[in-house]
Amino acid sequence: MSLACENGILKYLFEKDGIRINFMEVCGTHTHAIARAGIKALLPDNIRLISGPGCPVCVTAQETIDAYLTLSERDDVIIATYGDMIRVPGSERGDNLARRRALGSRVAVVYSPVDAVDIAANNPDKTVVFLGVGFETTAPGTAASIGIAKERNVHNYCVYSMLKRVEPALRALLDSPDFDISGFIVPGHVAAIIGERGFDFLASEYKKPSVITGFEPEDIMGSIYSLIKQIRSGRAELENKYERLVKKEGNIAAIDAIEKYLYVRDDVWRGFSNISKAGFGIKEEYSDFDAEKRFDIKTVLKPAPAGCLCGEIIKGRKEPLDCRLFGCICTPEDPIGPCMVSGEGACSAAFKYRSLI
Amino acid sequence: MCLAVPFKIISIDGNDAVGEYEGIFRKIRVDFIKSLDIGDYVMVHAGFAIEKLDEKQALLDIEAFKELEEAFR
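So the sequence lines, in the order shown, correspond to chains R and V.
Using our numbering, you'd call the opening residue of the first sequence number 1 and step up by one each time.
Using our numbering, you'd call the opening residue of the second sequence number 1 and step up by one each time.
If you're looking for bench data, these hints aren't it; they were derived computationally from the structure.
For clarity, every value in this text was computed on a predicted model and none was experimentally measured.
Note that CB positions come from ideal geometry on N, CA and C, so glycine has one too.
Cut-off 30 Å, straight-line C-alpha distance, at most; resulting in silico cross-link-like pairs (DSBU-like, lysine-lysine): (1) V:K34 x R:K283; (2) R:K229 x R:K207; (3) R:K150 x V:K27; (4) V:K8 x V:K34; (5) R:K248 x V:K8; (6) R:K40 x R:K241; (7) R:K248 x V:K27.
Simulated restraints, written as ranges between beta carbons of each label pair: (8) V:E20 x R:I297: 35 to 43 Å; (9) V:E22 x R:E243: 18 to 26 Å; (10) R:S91 x V:E20: 39 to 47 Å; (11) V:E20 x R:E284: 36 to 44 Å.
Some chain V residues flagged as far from chain R (calculated, every beta-carbon gap over 10 Å): (12) K8; (13) I10; (14) I12; (15) D13; (16) V18; (17) E20; (18) Y21; (19) E22; (20) G23; (21) F25; (22) I38; (23) G39.
Bound-form chain R, shown alone (with noise of 0.2 Å):
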């Protein structure tokens, strides 16, 4: 997108009707885009960008936290985990998994979950537990995952399935009272894998102007253009523009690979409590790769972190600023909660790009 096209989108923006209008971006990874390329500081002020539940590692319940850390005690265990977890804190102050690696457990930060079976093959006098944390993005590698392993009859890997369901999460805010969002920037890499039908209900059912949204400054802000072109023009249809990736019905193989594996269940989520139909388990035909069976894991209901907001900036009803723990207890080097230390997290990119927002 050219210059002039920018300015031509920065022009069309400002000639406001002076309405307040607030767009959620859904996606960690959006958020993050939107805060280093100063796309906040951009927008008159009546337009709003406001963070949604798009980070898999903040919407992680806290005992979900400890139960994993507790599992990395053993001697028989290593946990292999994408970098995002390694420093997400437990319910004990300064807990989490880099302490814990520099205590004596055995912790391994990997890219895949390929890599995590490669880690198990090696190591066969131990059992990996792979953290599977992430969205529909994540879901059919960590699914498929389980089917390498068995294929290459790799039987001391299993995975701690936190993967959750997007649509769920979003139909509780929309139903949730007072909720005040005028349209979604929808996550692109997930609608990859669900297809632009995932969104359709945005639409369709809700009347949320829509449009699924790639990486770039130039998607994003093309996205809020087409977004304002739409609730000044009364319409709220779900619109694609990630073409280059994303097709109507998803990428199939990749859904084969979740219905699988996976089954679809409750879940709890940071700042939600219980959701139906939020998350994934482990089918029960492939058990022995399922780490809450194999270790028995009971999950006990922990409270948030006195004073930490990320529950209610999970869920657009606060942002990172008006947490009075924000850049002065809770900074990325000692996080109190899990949005100060994800990559994706909206406390992590208020702060990382402050000067920008």
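Here the structure of chain R is known, so what remains is to put chain V in place on it, guided by the hints.
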């Protein structure tokens, strides 16, 4: 978590492939991609190709990534 990077496919062996992005070579699983050829571009998330891109668009993405890296270095 939903970050994905465009890789160019260098070699394919069943569901395993090698991809290249900016001089970095990585093993990629291509279980979810139909009819893949060497030279195709795929968007990769957590080691799995989640969808195929056409070359023209992939090159545009890579240029945009470079611009961002330069702008914020």
